[in-house]
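Residue numbers (the numbering used here), protein chains in the order written: chain Y, 96 to 488; chain X, 15 to 810.
Keep in mind the hints are simulated off the structure, nothing from the lab.
Check the hints yourself; a few may be wrong.
[Unchecked claim] Footprint (simulated), chain Y over chain X, 3 or more residues, beta carbon under 8 Å:
#1 710–721
#2 728–737
#3 785–799
[What the hints assert, rightly or not] Far from chain X by the CB rule (all over 10 Å, computed), these chain Y residues:
#4 V162
#5 D207
#6 G208
#7 R306
#8 E340
#9 G381
From the three backbone atoms N, C-alpha and C, an ideal C-beta is built for every residue, glycine too.
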Amino acid sequence: MWCSARQRASDPAEGPFGPFVPCAGPPGPVSPIVLAPQRKAWLFLGLLAACAEEYRSPGVLTDDAVVMGISLSVIEDGPHAGELGPLPSDRPRAEVLPGDTVELDALVANVDGVLALDDAAWVLCGDLNGEGCLSSLRRQGEHGGGLPPCREDSAAHSYACLAGRGDRPQLVMPEVATDPRAPSLESLRLFARVGVIVARPGGPTTDECLRQLVLGPRDDLWGCGIGARDVPYGPDFRLSEMLGELGIPVEHEVLPPVVARFLPPNAALQIEEVLVGDFDDPRIGGFYSVDEVIEVAVDSIVVLAPVVSVRDQQFVLLNTGPDSWVGVPEFVAYNVWSDREPGGVPTFGYGGFVDDTRLHMPSDPGPMRLYFTVIDSRQAISWFTLDLQVVAR
Amino acid sequence: MTRLRAPVLGLALGLAAALGAPSSGHAAEPPSCEAEADCGRLLGRVRVAGERESVVGARVVVMPAAPRPHEPGPPLWTRGATTDADGRFVIDALPAGPVRVVVLHEGYERLEAEATVVSAANVSIELYVAADSAHEYRTVVHARPSVQAGEARSTVLSREEVQTMPGSQGDALRALQNLPGVARPPGGLGLLVLRGAPPWQSLTMLGEHPLPRAFHALPLAAVVQSESLDGLELQPSNASARYGPLSGGVVQLQPHRPRSDAVHGHGELDITGANASVEGPVGNGSYMVAARRGWIDAVLQGAARVTNVGYILPGLWDYQAWLVLPVVGDGELELRALGAGDRVRNGHYDPIEHELVEAFEFRSQFHRFDLVGRWSLGRTKLMLSPTLRIEQDHATVTDFIGVWRRAVSPGWRAELDTRLAPRARLVVGTDGTVSPFRARVHEGAIFAQGELLSESIRRSRGLEAVGAAYAIVHLGRDRWRISPGVRAQGFMFGDERLSALDPRVGARFALGDRTTLDLGLGRYSQPAITQVGLTGDLVNDLVDQVAPTAVLPPALVSSFEPRVPANARAVGLRVITATQASASVEVELTRQLDVRVGAFVRDFYDPRGANIPVPGGSTIIGGAPATGLDYGGELLLRRRITRRLYGWVAYTIMRSVREGLDGPLPGDFDQRHNLVALASYRLPRGWRIGGRFRVTSGNPYPPVVGVAENQLGPSVASDPIYGVDNSERFPPFHQLDLRIDKVWLRPQSKITAYLDVLNVYNRQNVEAWIYQVDFRGRIAGLGLPILPVLGVRIDY
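Starting from the given sequences, assemble the full structure and let the hints guide the process.
Listed below in structure tokens is the structure:
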């Protein structure tokens with residue numbers, strides 16, 4: 096069954112970002128755990144016969160390494176980062192500018208737990224034709240013969256570059272490049288994406304994964320955890336100033352710098368507590384530290400609501416018309432993975448600032464680990480894990 | 015009263031006498047009528063049972079009702095007549111009383127009837143004779159081959175073959191898929207893949223003009239019913255200079271010539287839909303009207319109400335109207351109107367709102383109006399044919415993506431065929447189409463809290479045009495023929511203009527009384543518009559929305575591409591060219607059994623068929639050339655349709671290679687082996703049984719070799735990482751289909767019931783891979799299971 100527009104409008108699973116999400120489709124804007132196992136009947140193109148088969152719930156981990164989130168934290172301001180608003184010392188800036196020194200981190204896990212990043216390879220890449228980082232890596236291999244280390248001027252010469260190896264590498268973000276003779280948005284070159292490649296124990300090495308991605312041929316990447324995301328460039332007003340300095344006019348409405356400088360740049364929020372409840376019995380539940388092991392009943396529908404502390408709640412200004420701005424709380428969404436297959440329907444995830452995630456617990460007792468990533472509307476990302484103990488009623 | 019009977023031995027002796035054959039005794043003249051009032055007259059008409067077509071030249075013999083068949087001996091007297099051009103006869107001076115009437119004609123079963131002659135009166139009878147299907151010289155309606163003797167070999171299917179072929183459900187173009195050089199398309203659907211060329215590179219002609227598309231949208235059926243055709247002809251490569259623009263092969267559909275003897279028609283009904291036709295005389299000419307409505311969408315929509323499962327709902331209709339009129343001299347005027355439409359939806363039934371909630375909809379329709387005039391002026395034949403085509407495509411995915419295109423395209427074909435000398439004939443002609451079009455792409459992609467935040471509407475309009483002039487010289491006569499030709503083409507899109515000059519030659523040589531050698535060599539060109547569809551990208555996006563984890567054969571997806579500019583600023587015209595060569599030897603083993611062995615090669619060049627990415631993320635669309643090479647061999651052992659049996663064994667071995675930025679890769683239709691064995695046998699008492707067995711290599715597809723998590727905004731999608739394009743194949747395909755027909759012949763009509771059982775042994779053929787939502791694991795999307803299709807058809 097596929098969701099219709101009408102369904103989605105009233106569907107509690109509908110996230111505010113969601114353009115089009117199959118009911119049993121990919122994670123999309125909501126939690127990867129969106130549907131319990133069910134049988135699907137396909138009649139594709141009118142002629143393919145029905146092929147009933149058990150589907151694994153999306154978001155349930157297997158042996159494969161899954162890159163759940165990649166974060167960038169500015170640890171040293173670059174030349175373009177002057178006069179930005181203040182941030183608490185334990186909340187590093189999560190939107191970056193060329194020339195900033197950033198630390199890269201990622202949450203990578205499989206069914207056995209979080210994977211070490213000691214051998215991870217980190218890359219910066221373009222977004223070739225909207226095809227993402229992987230096309231840029233391949234093109235770099237074809238034209239450059241390999242992946243050069245990232246330098247200040249890498250964007251001008253490379254489709255992709257090696258940002259670092261190992262756990263939490265540090266990197267100076269390359270500068271933006273454009274054609275000085277005819278500067279334009281079309282000729283602007285920058286690394287739009289950041290990616291990480293991590294080998295699963297027992298699979299091919301990270302170097303082998305990287306070799307296939309860059310030099311090809313790509314014939315077996317099943318043991319490689321691969322993930323990418325947009326580089327969260329910002330704040331917007333500073334980017335506009337930079338474009339202006341390059342001779343590229345900015346056509347869209349920009350918050351006046353005199354106002355914008357008073358607003359702190361974005362930082363990733365930190366979740367330390369969750370509200371856990373029973374969907375069928377509102378009397379059950381309470382606040383738990385994310386470090387605790389939480390007991391839940393088999394076959395229950397558990398409501399999980401990460402608690403966003405007051406100090407992490409930020410406001411953003413939305414442009415509502417010419418010289419018209421309105422301040423709104425920043426939206427937060429969650430993505431959830433699990434190391435066990437949840438129970439039967441109904442099960443759905445639900446992301447949002449004041450919203451929760453509902454999971455149907457398995458029918459068998461035992462431990463269950465959930466991996467949460469938390470992302471705000473300016474793409475700052477953080478994560479935490481939650482250990483559940485599923486017990487008999 | 016008239017009654018049909020089986021022939022009997024005793025009567026044969028009498029008839030032999032009546033027909034003047036040597037016999038032991040002679041039948042006498044009937045006793046003379048003493049008075050006119052004592053005698054009567056028998057008049058009547060002899061027609062074909064079920065068809066009502068007049069039987070000309072039949073011998074009608076009248077004799078006294080006694081002796082009965084079990085009483086041996088010659089009849090006491092006989093009197094006879096022969097039917098005229100209308101099948102009518104008159105026999106005078108017959109004694110009043112009961113008589114037997116016997117009708118004899120070569121190719122028909124003998125008919126015996128009874129009548130009563132009344133004194134001083136005219137007695138009128140209608141006699142219906144059944145065609146003798148086992149007769150060695152029974153009439154078979156074949157398509158008129160348009161391919162000249164000096165051109166590369168074509169294959170013709172008759173109307174009867176098309177309508178009774180097992181596994182093809184009477185569809186003309188699906189029947190073609192059983193011939194050598196024609197690939198089994200992905201999903202078993204109705205695409206024409208000729209010698210490795212994608213469907214959009216080949217041309218399907220109806221009469222003098224091309225069809226905008228050969229099949230309905232999904233493609234379950236051809237857009238023209240087989241009842242509206244007299245046959246079809248396949249030239250998988252080396253078509254003559256008459257045809258273009260194309261870089262693949264040609265299928266020529268021959269419009270049915272409406273019957274003028276009486277009003278005829280048919281109605282047919284099965285689980286997939288209904289169709290009907292009527293034809294008959296009008297003035298000095300004849301007409302035919304046919305229409306079809308498929309109702310699989312209604313059937314599946316009913317199923318959706320029960321199962322609450324979303325289905326793809328294909329709805330289709332088409333119509334054909336032919337009118338043939340004689341004009342001054344021996345000229346002839348044909349008027350044709352045809353059209354076809356599709357509506358393909360995906361959605362589910364909402365039990366609360368009691369309606370279908372649609373997620374995806376594709377609507378497409380075209381109408382075509384032809385006028386064809388033919389005249390003979392001494393040794394010269396002239397044909398003039400203007401045409402008008404109206405096309406409209408529309409596709410939407412909920413409220414987020416919508417594409418629309420409309421074109422009104424006048425076109426023409428004119429041809430002059432004159433005999434220059436006893437061994438030389440010249441054909442010159444021109445054809446073309448002018449297509450002003452309008453298109454719109456609507457994207458409303460971003461919603462927040464129920465409100466549309468952004469949408470974009472891109473409108474474009476332009477003019478596409480192709481025009482050509484061609485000349486062909488047919489030289490030679492009996493032992494050898496050679497037909498050199500040239501086709502000069504011009505292409506226009508907006509302000510861009512390109513041209514191509516395509517020399518082509520075909521030859522046929524007799525290597526003995528029963529052996530011929532056919533050769534063909536030529537260049538072929540067709541325009542392509544960068545950023546205007548046919549790449550499959552747009553449809554791929556739509557499919558991704560509907561079935562995001564289904565990996566389909568790429569060729570299948572690209573064949574549905576609506577021709578809408580995705581980016582009006584980046585469109586551009588280019589010319590795709592191909593060089594084709596083929597050779598075949600055909601040997602007539604017996605009078606009804608032929609064997610043909612051939613080879614072919616097609617070198618394909620698209621000057622801007624590949625995109626070039628540049629640093630920083632943008633792409634130069636169509637910035638690099640793409641080339642390809644298709645080559646292979648074919649074998650056809652064919653028993654021609656004559657008496658009871660027809661059938662063939664067709665085998666094709668081929669390679670299809672495409673070379674782009676990623677190096678040489680298998681083409682989308684690199685179907686290396688394709689074997690079809692087919693036979694249909696007519697049994698006594700109106701039964702016919704047939705079977706088709708087919709085994710083919712699996713089509714190539716791009717394999718998923720890994721997964722990457724891709725965070726876009728707040729969501730994380732698991733994106734597949736594809737390996738080398740087309741580097742893996744679906745498993746081999748094989749399937750057996752059986753068909754049984756039973757015909758009940760009535761004087762005025764013919765009733766046919768058929769059972770077409772597809773995939774008799776329920777082979778689970780893999781047609782697609784459907785992946786888990788995160789692409790870590792897959793299951794097979796299977797083709798048709800065993801599927802019996804029961805249908806009833808009435809011809810009158």
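In ascending order, which of the hints set out earlier in this document are inconsistent with the structure?
4
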